[in-house]
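> As a plain string of letters, each chain reads:
There are 4 protein chains.
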Amino acid sequence: MLRVAIIGASGYTGVELARILCNHPEFELTAATSRQYAGKPLSEVFPNLLGKTDLICENLSIDELCSRADLFFAAVPHKTAMDLVPQLLEQGKKVVDLSADFRLRNVATYETWYQEHSSPEFITEAAYGLPELYREQIQKARLVANPGCYPTSIILGLAPLLQNGLIDTSSIIADSKSGTTGAGRAVSLGTLFCEVHDGFKAYKVGGTHRHLPEIEQELSALSKGDITISFTPHLLPIARGILSTVYADLTSDISENDIRKLYRTMYENEPFVRIVPEGTFPATQHVRGSNFCDIGFTIDERTNRIIVISAIDNIVKGAAGQAVHNMNLMCGIDETTGLQGAPFFP
Amino acid sequence: MLRVAIIGASGYTGVELARILCNHPEFELTAATSRQYAGKPLSEVFPNLLGKTDLICENLSIDELCSRADLFFAAVPHKTAMDLVPQLLEQGKKVVDLSADFRLRNVATYETWYQEHSSPEFITEAAYGLPELYREQIQKARLVANPGCYPTSIILGLAPLLQNGLIDTSSIIADSKSGTTGAGRAVSLGTLFCEVHDGFKAYKVGGTHRHLPEIEQELSALSKGDITISFTPHLLPIARGILSTVYADLTSDISENDIRKLYRTMYENEPFVRIVPEGTFPATQHVRGSNFCDIGFTIDERTNRIIVISAIDNIVKGAAGQAVHNMNLMCGIDETTGLQGAPFFP
Amino acid sequence: MLRVAIIGASGYTGVELARILCNHPEFELTAATSRQYAGKPLSEVFPNLLGKTDLICENLSIDELCSRADLFFAAVPHKTAMDLVPQLLEQGKKVVDLSADFRLRNVATYETWYQEHSSPEFITEAAYGLPELYREQIQKARLVANPGCYPTSIILGLAPLLQNGLIDTSSIIADSKSGTTGAGRAVSLGTLFCEVHDGFKAYKVGGTHRHLPEIEQELSALSKGDITISFTPHLLPIARGILSTVYADLTSDISENDIRKLYRTMYENEPFVRIVPEGTFPATQHVRGSNFCDIGFTIDERTNRIIVISAIDNIVKGAAGQAVHNMNLMCGIDETTGLQGAPFFP
Amino acid sequence: MLRVAIIGASGYTGVELARILCNHPEFELTAATSRQYAGKPLSEVFPNLLGKTDLICENLSIDELCSRADLFFAAVPHKTAMDLVPQLLEQGKKVVDLSADFRLRNVATYETWYQEHSSPEFITEAAYGLPELYREQIQKARLVANPGCYPTSIILGLAPLLQNGLIDTSSIIADSKSGTTGAGRAVSLGTLFCEVHDGFKAYKVGGTHRHLPEIEQELSALSKGDITISFTPHLLPIARGILSTVYADLTSDISENDIRKLYRTMYENEPFVRIVPEGTFPATQHVRGSNFCDIGFTIDERTNRIIVISAIDNIVKGAAGQAVHNMNLMCGIDETTGLQGAPFFP
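Top to bottom, those sequences are chains W, U, L and S.
Residue 1 is where the first sequence starts when you use UniProt numbering, and the numbers rise one by one after that.
Residue 1 is where the second sequence starts when you use UniProt numbering, and the numbers rise one by one after that.
Residue 1 is where the third sequence starts when you use UniProt numbering, and the numbers rise one by one after that.
Residue 1 is where the fourth sequence starts when you use UniProt numbering, and the numbers rise one by one after that.
Calculated from the structure, these hints are not laboratory results.
From a predicted model like this one, the values you see are computed outputs, not experimental measurements.
Any given hint could turn out to be false.
For chains that are exact copies, the list does not tell them apart, and a pair is met inside one copy or across any two.
What the hints assert, rightly or not - List of simulated lysine-lysine pairs, DSS-like, C-alpha gap at most 25 Å: (1) Lys204 to Lys261; (2) Lys204 to Lys40; (3) Lys40 to Lys261.
Generate coordinates for the entire structure from the input sequences, incorporating the hints supplied.
Laid out in structure tokens, this is it:
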């Protein structure tokens, strides 16, 4: 058994990592850190874990952490991560970082959207943890930057179109809707039950969400050109799930069937991407609790636009599940280990 | 008191009409028809109405209907409406029809999207019941075609841009999300609680929703040119509310402030349109239970697109409330009568 | 128009008071206080009120308050209320206090469950604001203690049984379920969307909820004896609504029909109590947004227990609506003014 | 691999059985029957299963069924089950029946609450599938009657009290609340999203729910006496979960601590019962998606009543999960196989 630790276990990503890891046959969860809950059983912070783990939340130094585990999931906020992660790497550890700190290859871009970067030298070596696009780099990496939730849904949805040059890259509009776990577990007025329940709204309208440069970086890499998109996130009154509806002008008169073949070809051997049957479209409730990304699409003949719809569970494929997938790859074990559960419906 | 009847009272539009009408100071609800529930008190079908109305659901002939009321809300399915409405008009009654049967001015378009039209001669005289655009026609009409819920949200959102020629009309994409009351009260697998709850999905993807020709008819009229748009409806796990996120390429370098002035000017005297403050955007929970349409927008400078967001309560401004608004106008009474309640939050 | 002010307008009770008052034909809302939001338009704090009120939230001294209004709704926490309310009374104002500070007639009981009481002399004069039981006192009062939400639902449900001595008063068990608005708008982990949504739990189990002495005080008064009950509150994943399921052993062999007559007789002229038809039971969705208390019951012949079920909207009949009802009575205007809207369904 | 079939795969219990079984390492799902969906891939009926199973729904005769599998989960309505199950047994198969047909040991009781029983001779041999109480019988059985969801939650909650004779058995009141999956997937007005969402109600009030004789049978067996209880089911606006709040008068002055020891002792080796820490209480969201039954309790000193609260996921521990648990026991494999996943939160 490989020893793994969760740094920052008290958020929704933390509890989901713990849920997956406490049933993972190759990894043993040996430490979970939380400043806020230090001294408390993790199963008291998250009673769903009662009987599944005896871990106590701790506030550990780097040295203590390194003595306790060899593999790390860093589920701390950006900025905290950039200080912490290099110290783990220097002690020979493997790290999947779930923050934004090592996702953007261009330091200037990072500093425009976030703040100064204290360890830019590690950006270059970090693999971008989308296994469908970077499997080989991930397998060799000691540091993987786990993708954002919105980027995961949008990039996987568009990749076959961009790789095959089928769309006008200036026409892309991604209208995304996320469940409220995406907003985290920190208390705030905007995520109170009565503010979210039975309602729906957009936020960060007009190209201001921090996932935008990450999305554009990866779409640009796929198309081998600079891509600027419109991206509007919305808040859904559900716990888990992102559904992205992506619009783009087709530049080719390729048929829907041929596009379907390209999608099937690209994702044929991918264990966690499902192309849904023709005439059907993904729904968040069909990926709930799983590491799947479901993708469907159709051509709107009236406007010659393609509409691609992708759905993920934002805290599994969009966070904790993808992180475990990456760690599996980094450790050379079967990449689906611990992630084979079917989605929960209803 | 003017005598009004609801034809087809057993759906969600019916109960909302009854809720509004039982407190309307100028209208007296004198009949409510339902084949399915004939003989049952309306307050047994909808226990929220207990103590507010003593009406019994009835299955009435046209003659009986005409002896019972002078104003009619037809809340029956399309096709049924086109047979029923002319008979009421011929007896000198005023009708607000909530079906699609008299919304499309082009009979051929209607017949493409629906089925053969049995009374096309009434299409011409019907006023399209969006008071913000057709107030004068409505005031003079004996037949008003009450707009669809999606069209209401999208047309009001785009009207100032189209009237002022500010956008590329070939670039319009409307990504709309609706609460489940929009699917009606007929039992069906797809609207069971466990199928909708805690989930989210698109439907009628690719330009196949029947509200599309209605939206395009009105957008075209506003821009004085033919407009084809992309429109994707989605199903929200909420009861009431539509939020439309609409994207269009700006063709002018007009500032956001100047656009805001155009919106404010156009809707300044409109009792049921609210332009939300700069930097904020509408949410369905802020119009819940009211006849308001809230509109906000911003310019995405990175792509030179404008993003307009509008929110309505789909069974009030998108159906029953707008119908009462229209009837108020047709009867020459204060148009806000019975509709002044503030939205419910939370 | 009578001038009314809301003290503590930034909570869910505050916004509901504002919603009701901005359409009240006899009251004019002239001030709304909030320390946290002082200087902000109330319609910015609660965008549902946009266009319905121009009030700015203020932080006002007692003297300023008294110069601005004659009637006051105090929607501040207990303890704050006991300091504030006497000062308003001393300046000749009428006050409906929504806190617990003047509900318990026994100061010692208050001090056991809350803390020291700084103005016990006002307890005696306060009328307990349940109009169905204390209408005459309320009409004459200058201070009304607005009942708690759970007490309202339980007391109204049991009153006819206790007044007629039909149940074993030692056998009463009230199992109550409340929507999350009942927990207030202060940010806290326990009321985050993801903690409450799609879940259900009990809290304050074992007779520790502060509404217990209030419930027992009123049940005891009705039965003219000391009553101790079991009361378990639960948290529902809904915004509005309390449903109480109350069990008691029958001590008489009176028939269900005769009991129904007693309920109907007691509540016959009550504008806000509805006895639901035999064989049906209340549901929170049928009182949503209204000031109704719906009551239903049946006898379980197998155990000779009566089961009474009552439903209210906890922030209307359980708070803001009942407060306005009380103020209407205190001012001698039609008691239903501003409260006649039918419940929203769905 | 043992070959298993699901008879009646198109309901919520069916899809949950399929979800569990498609990851079960000892069972191979070899057939799934559905009249309604015969010919359709199961993953088309339930898109969450896409990629997890290639099974096609079939309408199979008994002989075909018996040639395809050795173990059967019968998830068909009562009455259908009593005809079907004996035929499977006669061909030497093992069956877990999820209907009510073999749960009640007294045929007359069954016939009072349901209808005539066509195969009463199989009632005697059926084991009642609550492993915590009947493990040995289940291990030897060829037919297991899987318990109802409400009974599971109530019986496990009360067992230690009854076995130890600590409560007045005439005083038991079970106030239970269930998620809407409990109402099944058949289309009906009462389970439409808009009827259930944001609402709450009781149903089958007054001792008329068919789970009542089953609950009383098992409570009576535990106490070795006849028990009659009050039981009120309620419908929660959630998908999964039952929470039962059970009240009983204590007849002993045993301390809460000593009772806790009895609970811990009884359930110490039970893999799927968790006694929650003192001062905390179960919540449905903490057992979601798992086979756990969580139990908490406290003594209300003021009334000398004990309040026991238990929570299960009604389609796992209350149906499909418990069925797999039973089948594991019947086959002599590790009883937790396929059921070890931690609950999903949030």
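> Determine for every hint whether it applies to the structure shown.
Here is what the structure says about each hint:
1. Lys204 to Lys261: between (35 Å within a copy, 22 Å between copies)
2. Lys204 to Lys40: Between. Shortest inter-copy distance 22 Å satisfies the 25 Å Cα cut-off; intra-copy 36 Å does not.
3. Lys40 to Lys261: between (52 Å within a copy, 23 Å between copies)
Going through the hint list in order, the structure satisfies each hint without exception.
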